[in-house]
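Same order as they appear, the protein sequences are chains A and B. Letter by letter, the first sequence follows residues 62 to 290 in this note's numbering. Letter by letter, the second sequence follows residues 12 to 541 in this note's numbering.
Just so you know, the hints here were simulated from the structure itself, not pulled from any lab data. One thing to keep in mind: the hints can contain errors.
[As the list claims (entries may be wrong)] Footprint (simulated), chain A over chain B, 3 or more residues, beta carbon under 8 Å: (1) 293-303; (2) 358-367; (3) 398-412.
All C-beta atoms, glycine included, are put in the ideal place defined by N, C-alpha and C.
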Amino acid sequence: MRTRVLVVDDDPALAEMLGIVLRSEGFTPSFVADGERALSAFRESRPDVVLLDLMLPGMSGIDVCRAIRAESAVPIVMLTARGDTGDVVHGLESGADDYVVKPFKPKELVARMRARLRRSEDEVAEQLTLGPAEAPVVIDVPGHTVTRDGRPIALTPLEFDLLVQLARKPRQVFTREVLLEQVWGYRHAADTRLVNVHVQRLRAKVERDPEHPEVVLTVRGVGYKAGTA
Amino acid sequence: MRTRLLAPVRGARRAWRRSLQLRVVATTLAASGVVVLCLGVVLVHRITDGLVDAKRVSAVYEAETGQTYARQQLQALRGPQDAELQRTLYSVGGNLSDRAGRAAQFGVVLVPADRALPPVYSGHLVRSDVDIPADLTRRVADDNVFAYQYTQMAPDGGRTRATLVIGAPVVTTAGSFALYYLFPLDAEASTARLVQNTLLATGIVLVLLVAAVAALVTRQVVTPVRAAARTAERLSAGLLQERMRVVGEDDLARLATSFNQMAANLQRQIVQLEDLSRLQRRFTSDVSHELRTPLTTVRLAADVLYSARDEFDPHLRRAAELLQTEVDRFESLLTDLLEISRYDAGFAVLEAEAADLGELVRQSVDFIRPLAERAGSDLRVTLPDEAVVAEVDRRRVGRVLRNLLGNAVEHGEGRPIDVVLARDAHAVAITVRDRGVGFRAGESQIVFNRFWRADPSRARQTGGTGLGLSISLEDARLHGGWLQAWGEPGLGAQFRLTLPIDPTKRLTASPLPLVPADAGPPALAGVTGA
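Given the sequences, and given the hints that come with them, work out the whole structure.
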């Protein structure tokens, strides 16, 4: 089955060009040009991945992102004209998994989408435990579920991947660059804010007190590591 | 000990320098003090002189009367051998003394020139204490002159006090005598003292009063001035709404009005500038978005054409290739222009976090290595053993490093390139050294100029935009750091990036020298600061 992509962009020429590129790469794109209709289009087309322009007429890209994230864990890749302003951090905080800065190359875009679509195919029953001994966070890797005290914690696939990456080597300190490579699939140095923002989002969900993390620890000046009992 | 003693002195000096009111009050106090003192001294002198003069006039009259009486009494005798002489002397002395009354306002001494006869003293005088000044004795007894003199004496055995001594010669057929009147100036002295004390007290009160008035008056002036100073401080702290209260129509009200006008003008101009800056920001952001969206479409289209170029005939293929490379160049130029305009508009934001600079250097070197290999330059990296962690904006520092390394490769003539990272307690430094053509001493400033090219005639190898070093310089400044260049024709160039470990601290020195050790006397070096 071909991968369905929802392109939310108001520029018709860019949307059409994206369509050409995506079709040639074997995706099935559908399009919506404004923010108001983005959510209904999303519900209709049930895409596997969303390409979302941040600057949209009607509802802003940030709001669309938040609305989609509220009802789905679908991978969202933002298209943004400005890579260094608060927009990117805003977009990531409102639930986007990754972003590409205009103008991007087709290969770059496709690589970002593929990285988000790539699912781990371990069928081996693997269970990982981390966090404090009295209230551990339990990860069922093949089942894609995370629980604490039996209660499930809803994570997006990206957050899940990030947590599993850290949990599999609990003694290792991961630099942001290594995480970018292994979780996001970047081969060259990329924006480390991706890691920062997603670690914060992850902490907000798995930590008892995000101000004093016990599950995902910061190693100052180096990166992050899993907190183990 | 010394400093502890000096501390209050220093405090007083600071208060003196800082308070106009204190200075005015102190000056008034000093000036009015001097004036009142002078006036007081003159006044006391005049009053005392007046008192003493009045006393002398009456005393002289008394003495002349006594002199006449004594002369009459003694003239009546029959020469110096008169048996009555001794008795007459006593009766004259006694009678003259009696005139002084019970209050003993004066004492009388009658001294015969004939030393065989004893002097006659008023009853209340103590003989041994009566000490007629020798000067007066000589003039009265020897020269037969009526004379007086002021002296200090205690003729009645009491305390020593000012005394007017009047001497009158009494020359008769019965012989020569000297009649002395001793007038104690008790009443005059106490009156003078009273006047003195009254004047002193009045003077002090007057001076204090004047000082208080001065304080009050200066306060009236200083208070609005202080209010103006406070308002100015608040204005400069950014509270542009701050104004002074205008009361009445006097000069101070005019000061307040002018001040408020100035504040209003300033506020208007600042708001205008802020609007301009906001407009510029909006414009940059809009241009960015508006240009980037079509550029993305062009970029995607160019890529589609480029990947299909093998199916085209040679002309079209070449066109597709050119389109591809020029879109690349256009893109990096646009990126750099937008970055520069972001700095010009003043809204570049530092996103500092703790980062391992060694790792950043490694990444940048890895990034540039393919280019260096193509150019034939060996990249030699010297890093400290331990991690060098500083609060920096990774994206910006990475960009600076890639820029410096790119330049070194482009201008390095295929010779080795050295990259050194070092740190001290306050700063980290990274130097990038090439051994290419270098540049002249005067050019170390202008290498940072926008669109400056080392040698315009040289063919460009890498697609630099000419803005890289300008942006890098701004990146360094945003960190509170330095980006400096050294160069010498034939020896190559070295760029040094120095960043404070804590971006809120000021840099004072760099852990690495700007001029490389193999580069001769540093005086020749062209050095520029950022």
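Now for the hints, and whether the structure bears them out:
Counting residues of the stretch 293-303 of chain B whose beta carbon lies closer than 8 Å to any beta carbon of chain A gives 4, which meets the minimum of three for the stated coverage. Residues of the stretch 358-367 of chain B with a Cβ under 8 Å from some Cβ of chain A number 5, which satisfies the need for three, so the listed coverage holds. Three residues within the 8 Å Cβ limit are the bar, and the stretch 398-412 of chain B against chain A gives 5, so the coverage statement holds.
The earlier numbered hints are all upheld by this structure, with none contradicted.
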